[in-house]
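Next come the chains, spelled out residue by residue.
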Amino acid sequence: MSELRLYLVAAVAYITIGVAFPTVLYSWVEGTAFLLLVVWILPSLIRRLR
Amino acid sequence: MSWAAHDLEPYAIQKHLGVKVAFVPLAIGSYSPDLLSKWFVYGIDVLGIELRADDPVQFHRGWPGVGFTHSLGYGVLIAALIWLVFGSRIWAWSFLLGHWAHALTDTGDTIGTMLFFPFSTETFGIGAWAYAGQYGRLIDAGAYFSGLGFVWDGVFVVYGLISWRMLKREYFHDVIVRADPRFWGWMGRWLPETALVALYRASFFYGTTRWVAWIIWAHVIHDFPLDLSWGGPQWVDAAYD
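Going line by line, the protein sequences match chains L and B.
Count along the first sequence starting at 1, add 1, and that's the number in my numbering.
For the second sequence, counting from 1, position 137 maps to 117 in my numbering; every step adds exactly one.
Worth double-checking, as some hints may not be accurate.
What the hints assert, rightly or not - Derived SDA-like pairs (lysine to any residue); straight-line CA-CA distance at most 20 Å: (1) B:Lys148 <-> L:Tyr8; (2) B:Lys18 <-> L:Arg6; (3) B:Lys148 <-> L:Arg6; (4) B:Lys18 <-> L:Ser28; (5) B:Lys18 <-> L:Val25; (6) B:Lys148 <-> L:Val39; (7) B:Lys18 <-> L:Val30; (8) B:Lys148 <-> L:Val25.
Said to hold, decoys possible - Pair by pair, the computed Cβ-Cβ distance ranges are: (9) L:Leu46 <-> B:Trp210: 49 to 57 Å; (10) L:Val10 <-> B:Ala60: 41 to 49 Å; (11) L:Arg6 <-> B:Arg145: 12 to 20 Å; (12) B:Arg69 <-> L:Arg6: 33 to 41 Å; (13) B:Met167 <-> L:Leu9: 23 to 31 Å; (14) L:Arg6 <-> B:Pro98: 45 to 53 Å; (15) L:Leu50 <-> B:Leu15: 15 to 23 Å.
Keep in mind the hints are simulated off the structure, nothing from the lab.
For glycine and all other residues, C-beta sits at the position ideal for the given N, C-alpha and C.
Based on the provided sequences and hints, a complete structural model is requested.
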């Protein structure tokens, strides 16, 4: 469930940023990097800092 | 052209064929016809110099041009090379399926694709939605998300959401990794499972979120008129072969 929540946060954030700055939506690489940042890298960093 | 179908179709194909196809080459195949050419269709700015095809339509789908990348024979050729170089039949076959899905999907627009190149340079298309790539990326987005093109993409968004189980970790283990243990095993040496699953889901995430974002951009932020008529939207001067 927490995993789904992370993906939903990533989706809402990406859509919001993309609507404001459409150039963000051009690249699969950037989209994938954003997804990895939100669902893997940031949660891992936060877990380490705790 | 399609804006999200090429991201989403591999999931539909994978769901139907299960372990008979490998997801990564399937996705690469689905992106492959535009992989090296799309930037030159829309143009990019490099140090103040605009690099763009003189005739984007001809360049993208025609001959002379790189329209041959959308032919069925090109898919066969690259698949054969994959088989020869990597010795993997499942990678070759999966690439071919992804590539053909792209080539056939793009027959939906007003230009179509040279399916039978090099035997014929005739393009085949049903003309359901307007091809407007010649006006640059933003006008193309406005037109695409106002006509039947985005509806076709929507079919795959809805199909993917209905088939949400194929995005679960269990499915990733039981089908995706099982179909291609060498690749995912190699990736697993560098990345944890959470990242591998995210990579598997990435094209679905990218296609779906982008589809939603462009619809909002075209119809909430801007006011591109919706026109679901065949070959529409009629407000844009679509390219025809």
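Right, here's what the structure says about each hint:
Straight-line distance between C-alpha atoms of B:Lys148 and L:Tyr8 comes to about 12 Å, which keeps the hinted pair within the 20 Å bound. This hinted pair does not check out: B:Lys18 and L:Arg6 have alpha carbons roughly 34 Å apart, beyond 20 Å. For the given pair, B:Lys148 sits about 14 Å from L:Arg6 by alpha-carbon distance, which is consistent with the 20 Å threshold. Taking the CA atoms of B:Lys18 and L:Ser28, the gap is about 11 Å. The hint holds against a cut of 20 Å.
Of the supplied pair hints, the one linking B:Lys18 and L:Val25 holds, its CA atoms being roughly 16 Å apart against a limit of 20 Å. Only pairs whose Cα atoms come within 20 Å are accepted, and B:Lys148 paired with L:Val39 is accepted, the gap being roughly 18 Å. Between B:Lys18 and L:Val30, the direct Cα distance comes to roughly 15 Å. Compliance with the 20 Å bound is thereby established for this hinted pair. Taking the CA atoms of B:Lys148 and L:Val25, the gap is about 27 Å. The hint is violated against a cut of 20 Å.
Taking the beta carbon of each, L:Leu46 and B:Trp210 are about 51 Å apart, inside 49 to 57 Å as hinted. At roughly 43 Å, the beta-carbon separation of L:Val10 and B:Ala60 lies within the given 41 to 49 Å, and the hint holds. In this structure the hint that L:Arg6 and B:Arg145 lie 12 to 20 Å apart at CB holds, the actual value being about 18 Å. One distance hint, 33 to 41 Å for the beta-carbon pair B:Arg69 and L:Arg6, holds here, with the actual separation near 40 Å.
For B:Met167 and L:Leu9, the hinted distance range of 23 to 31 Å is satisfied, since their beta carbons lie about 25 Å from each other. Separation of L:Arg6 from B:Pro98 is about 51 Å and conforms to the stated range, judged on CB atoms against 45 to 53 Å. Separation of L:Leu50 from B:Leu15 is about 39 Å and departs from the stated range, judged on CB atoms against 15 to 23 Å.
Hints 2, 8, 15 from the earlier list are contradicted by this structure; the remaining hints agree with it.
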